[in-house]
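Visitor: Chains as they are written, first to last, in my numbering: chain Z, 148 to 655; chain D, 9 to 629.
It should be emphasised that the hints constitute simulated quantities derived from the structure, not laboratory data. Among these hints, one or two may not hold up.
As the list claims (entries may be wrong) - Calculated pairs, DSS-like style, for lysine-lysine (alpha carbon to alpha carbon, straight line, at most 30 Å):
(1) D:Lys208 with D:Lys268
(2) D:Lys199 with Z:Lys474
(3) D:Lys199 with D:Lys268
(4) D:Lys573 with D:Lys555
(5) Z:Lys474 with D:Lys205
(6) Z:Lys583 with Z:Lys595
(7) D:Lys555 with D:Lys623
(8) Z:Lys282 with Z:Lys296
(9) D:Lys527 with D:Lys599
(10) Z:Lys160 with Z:Lys194
(11) D:Lys555 with D:Lys527
(12) D:Lys599 with D:Lys623
(13) Z:Lys474 with D:Lys555
(14) Z:Lys474 with D:Lys208
(15) D:Lys580 with Z:Lys608
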Amino acid sequence: MSTATTEIQLTRKDFVSDQTVRWCPGCGDYAILAQMQKVMPELGIPKEKIVFVSGIGCSSRFPYYMDTYGVHSIHGRAPTLATGLAVSNPELCIWVITGDGDGLSIGGNHLIHAIRRNVNLNIILFNNRIYGLTKGQYSPTSRQGKVTKSSPMGSIEQPLNPIALALAAEATFVARSIDAHTQHLEETLRRAAEHPGTSFVEIYQNCVIFNPNEWDGLSDRSVRDDNILYLEHGMPMVFGKDRNKGIRLNGFTPEVVELGNGIEEGDLLIHDATSTQLAFILSSMEYPQFPAPMGVIRDVRKPDYVSQLMGQVQTAQAQRGVGDLNKLYRAADLWTVNEREDVAAKVAGELSLDMDEEYVDNLDKADMDATTQVQDQLIESSIADLNPHVPITIDVQSSLERATRQLNLHNIGCLLVTDARDQLVGIFTERDVLMKVAGLVDDLSDAKVADYMTPSPVTIKPDQPIAQALHLMSVHGFRHLPLVDEQGHPTGIISSRDVVAYLNQAVN
Amino acid sequence: MTETITKEQPVIEELESVAIRFAGDSGDGMQLTGTQFTNTSAVLGNDISTMPDFPAEIRAPAGTLAGVSGFQVHFSSQDILTPGDAPQVLIAMNPAALKASLPELEKGGIIVVNTDAFTKQNLAKAGYKANPLEDNSLQGYQVMEVAMTTLNRNALDEFTDLSNREKDRSQNFFALGLVFWMFDRSMETTKDWLYAKFAKRPEIAAANFKAMQTGYFYGETTETFQRRYMVRPASLPAGTYRKVTGNEALAMGLVTAAQKMGKPLFYGTYPITPASDILHALAPLRNFDVRTFQAEDEIAAMGSVVGAAFGGALAVTGTSGPGVALKSEAIGLGVMLELPMIIVNVQRGGPSTGLPTKTEQSDLLQAMYGRNGESPVIIVAPASPADCFDIAIEAARLAVRAMCPAFILSEGFLANSAEPWRIPNAEDIPTIEVTHPGPMHNGDGPFLPYLRNEETLARPWAIPGTPGLEHRVGGLSKAPNTGNVSYDPAHNEQMNRERAEKVARLANAIPEQDVFGPKRGDLLVVSWGGPYGVVRSAVQRAQREGKSVAHAQLRYINPLPRNFKELLGRYKHVLVPEMNNGQLAMLLRGKLDVNVISYTNMTARPMKIANVKAKIDEILG
Ligand code: SF4
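Just chain Z, same shape as in the assembly (with noise of 0.2 Å):
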C-alpha cells in the first residue's frame, strides 16, 4: 500500500513504544520488529497515520510494540477491522500483522477477502509454520509427517501454501521475505509500503521454542545463498553463492539448472513480476527441492477499494448533489394534515413502490410462472426452431380425389388449401378424410376440398413460443398448425410429432 509522503523527520526510536516487548528470547519476531520500526521513518508517513492491526498469536502482539497507532483484535479478524477502518478513514497507512495460524487458518476467509478487494493494506504473514501462543500444535502451513503437541504420529494434513492462495485471490502485490536476511526484509517491507492495494507478504519466521530447525536452510548464512533464488524484476533466474545456478522452464515445469557446459544465462527464466503465470510457477517452487523464492513475485496496480468507493460518493454527490435530509424524507407518496380542518388529500413527490418488484418487473414479460428448465425452454424456443416443413398446398378449387392423392403423394398428414392469391383460407388433413370422407363420399373427383376442408384455421407466426403451438394442441386437439406471413401466405407447417420430437430432446 502507499499514502501520501510527508517532509518529517522522524527516526527509528519514534516508532518503539514504552511496552516491554515479551516474545522469546530468540524469537524471529524481533528481527522483524527491528526492521519495521527501521522503514517506518523513511518512508515519510506522519506516524500519526499509521496503524497497525492484528489478530490473535504470537506474532499479534506486535501492535503493541509500535508507538503508532494499534488494534490487536480477535483471532483472524485482523483484516476485517482493517478493511473497516481504511473505509472509515481512507488516509491511514494501515499494516495487518498475522500468522500462519490467525491468517490461514480461523481467518483464512477475511484473508482471500480482503486482498481480492484490494483493499489498501499491508498484510505481513508471519510464517513460522507452527501454533506459538497455544504452545505447539501444528499450522495449516506445517509439513506433513511433522510431529506436535496435537500430531504425535505426525501431521497427516496437506499443508497451504500461502503465495498460491494471495495469488488465487488476485493479489496485486506478493512478496516473500525471512526474518534473519534483515537487509531483504526491510527492503520487502519497504517495496510493501509502496504498493497501493493490497501488500501481501510471507516471510518465513523463526519458532526457537516450538519450531526451531524449520528455516535452518534458509537462515544460516553460510548456506542460504544456495538456497534462495533472489527475485528481482527483468532479471535472469540465476542463484548460488558462486551465482552459478539457475531455473530453467522444461515445457511447463521449472528446473534448477548448473550454468556452463552450453547452458547460459540467456536460457534462463526472466523474471516478470507482472505475470500471473510466472507468479503461480513461483508459488509451486518449494524449498529444498527449489530455492525458495525470495523477494516481489508479483506486482501489478488496480483500481484499490476505497478509491472506488470514495469516487462513487464524489460522483453520485457530483451528479445528486450532497444529500440533503428532507429531500430523502419526501422521496414518497406525501399528504397533508390540516390544523382542525378536514383533510385534504394531496399527492406529490414521486410516486414509488417498493414491494413486489419482482411482480411489476415480469407484468410486462412473458409467462413469469414458468417455472422448470423444460418449461422456460419452451417459453423461450419460437416454432422457427422446430424447422416447419415447407407446407404442401392445394388449390382451394380442387377435387377431394387429387387432394387424397396428394396426400398419398407425399406420404403427409396435412394439406394447406389457398385461394386464387395464394392465401391459407383451410387445411385438409387425414383425419377429415377418415371421418368426413371415407366410405361417405361416393365420387371423389365430384366432390370439391373446399367442403371438407377445416376452414380459416387456427394459425401460428414463426416468432411465436413452443409454448403457444403445445397450449393450442392441447386445448384444441389440433395435431397440425400451419404457419403464415403477414399478407396470409402459408409458409410451412409444424405437427404435433415435431413438437413431440422437440421435447423429447429438451427433456434430456
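Fit chain D with the ligand to the known structure of chain Z by using the hints.
Guide: Below, chain D with the ligand alone, put in the same frame as chain Z:
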C-alpha cells in the same frame, strides 16, 4: 351510519376501521395490490397499518398453501396501532389463498373469491376434498363469487396483442378495482402509478387500468354487492405525512444520526432476512457519504464495524439473530475497546435458522448477555415502524455518549409493516454532540486513552490521524487510564465495574418511563417492541370497561428508565406480554426483584388484541 341514498344504490355503511386481507399466489401480485390500496387509503387520510406475509419459499409451487402470499391492510378513521387482529374482508384469488387465510377471518366477514380459480386441480393442490364454495362450509360468511378470470379476459378483448396468460396477470387489478369500489376509493393514485411505472409500455398500463376499471364497474353494476363501506379520514396531528416501513425508517434514522454527528455513515453488513432491506435503502445514498460495505460474512461485517468505529465513523451493522450469534465475539471486542457502534437486530423466528420471514422478540437475552465475560451493552427497541427513525438517532446518541456498542432490537414485523409517518423537519432534529481529543505535542504529558469522563465514565474517542495521540487498544484486560495490557486482578475488577456503570449512568440521559392510563392502580401492562399496538389497544378496551389498567411501552431496556422500578411498585399486578418465552419478564424479575406475570406468544405471528385483553381480564378477575 348513513342511510340508503337511492333504491338503485347499495347501502353505504360507515365504519370506523376495516382490515382487508389480499391473498393469492406469490405470482398473483398480492403485495402490489395491497400496497396500492394502502397508498390510496393513506393519501385519503386514513390512518393505516399493514402487514405483508410472504411465503417462506421464494418460488413455492403455484396454487399450493406454501405459495400463498398475503397482504393485510388496516385502515381507520381513528388512530390505529396494529394491522388488525382478524380481517373483516378477505380477497382470495384461489382455493389455497382461501384455505390459508380463512382461519384468520372474522366470523361473518366478507369473502370475495375468484371462482375461475376453483378448478378441480387447484382445489386438490390446496388440499380441499370438496369445493368449499359448494359444500356449505363457508356458511356464516358473506361470500361473493366473482368469475374474475373470465370477466377480466373479456374486458381485455380489445388488447389483441396480449395472450390470455398476459391478460390474467392483470386480474389482481380487477380485484383491486372491485375493492376500491367497495370501500369508496378513487382509482386515481393507482392509475397515476401505473402510467408512471409503465411509461415505456403504455399498453400494459392501459390493460391494467382497464382491468381495474372493470372490477370497479363490476361492483357498481352487479347486484352481488349489496353494501359499500366508507371509512373517514383519521384525525392525525397536523403535518406532512408519508407511509414508512420500519426498515425504511431505520435507514433514514441512521443517515440522519450520521449527519447530525457530522460523520460518514459506515454500514458493514452481510445479507440476511429480514434486515437486508436496510442495506438496500442505504446503498443508493452515497451522496450522503454513506459507505456501505457488504462483507464476506457476519463476522467480517462486525469486525469492519469495530474498525470503522476506531476510525471515527458512525459505524453500524444490521443483521438478524443468527447473524448476531456470529458477531458476538467482535461485539465483545467493541465493548472492550469502548467504541461507539450500533448493532441492528431485526429479530425473526428462532432458534437456529427458525422462521426467517416471520416475527419474534426472542433475541433480547442474546443482546443482553450473549457474549463471553461481563459485556454490558446499550439496548433500545422501537415501538412501531415510524419509531424506528427516532430509535436509530437515539441509539447513536447513547452509543457516543457512553462510548459503548448499542443494540437496536427491531423485529420482522416492524421492519416490513408500514404506517403513516409525520415527516420531521431535518433542521429541528438536535445535533448529536461528538468530541474528539485534539492533537498533543511533546511535553503535554502522555495521552491516556482510558481516562474516563467523570460524569459519563466514557473514555476519549481519539481518532487515528490525530498527532500525538498514538495509542494501542486491544481485547486483553487492561489497566485504568493507560489502557495498557494488565493482568492485575484489581484492574480487571475496576474496569468491569466501570464498563457496567457507564451504561447504567445513561439512565440519567434518557427520559423517565411514562404510562398510558392511571398513574397507579390494579394492573400495569409492560410491553416492548412490536406488540406496542396490540397491547395499547387491549389496554384501551379494558379502560373503556372501567378497569384500572395502564400501559408502559419500554423503549429503553438497558439501561431501564431510572423511575422504572418505582413505577412498577405502584400497581398491584404487572403483566409482561412478549413474543418469546418470557425474556423481558425474566430480566425484570432478575434486575429489579419484582414479581411480574408473563404472557408469551411463540407463534411467530403478531399477538391478538383479544388474547391480551383476555389475559388482562383474567388477572383482574
Ligand atoms: S512461541 Fe515461538 S513464535 Fe511465539 S514468541 Fe516464542 S519463539 Fe516466538
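Visitor: Confirm or reject each hint.
Guide: Quick rundown of the hints versus the structure:
no., hint, in the structure
1, D:Lys208 with D:Lys268, "violated, 40 Å"
2, D:Lys199 with Z:Lys474, "holds, 25 Å"
3, D:Lys199 with D:Lys268, "violated, 39 Å"
4, D:Lys573 with D:Lys555, "holds, 23 Å"
5, Z:Lys474 with D:Lys205, "holds, 21 Å"
6, Z:Lys583 with Z:Lys595, "holds, 12 Å"
7, D:Lys555 with D:Lys623, "holds, 13 Å"
8, Z:Lys282 with Z:Lys296, "holds, 8 Å"
9, D:Lys527 with D:Lys599, "holds, 22 Å"
10, Z:Lys160 with Z:Lys194, "holds, 12 Å"
11, D:Lys555 with D:Lys527, "holds, 13 Å"
12, D:Lys599 with D:Lys623, "holds, 24 Å"
13, Z:Lys474 with D:Lys555, "violated, 46 Å"
14, Z:Lys474 with D:Lys208, "holds, 26 Å"
15, D:Lys580 with Z:Lys608, "violated, 80 Å"
Hint violations for this structure: numbers 1, 3, 13 and 15, all remaining hints satisfied.
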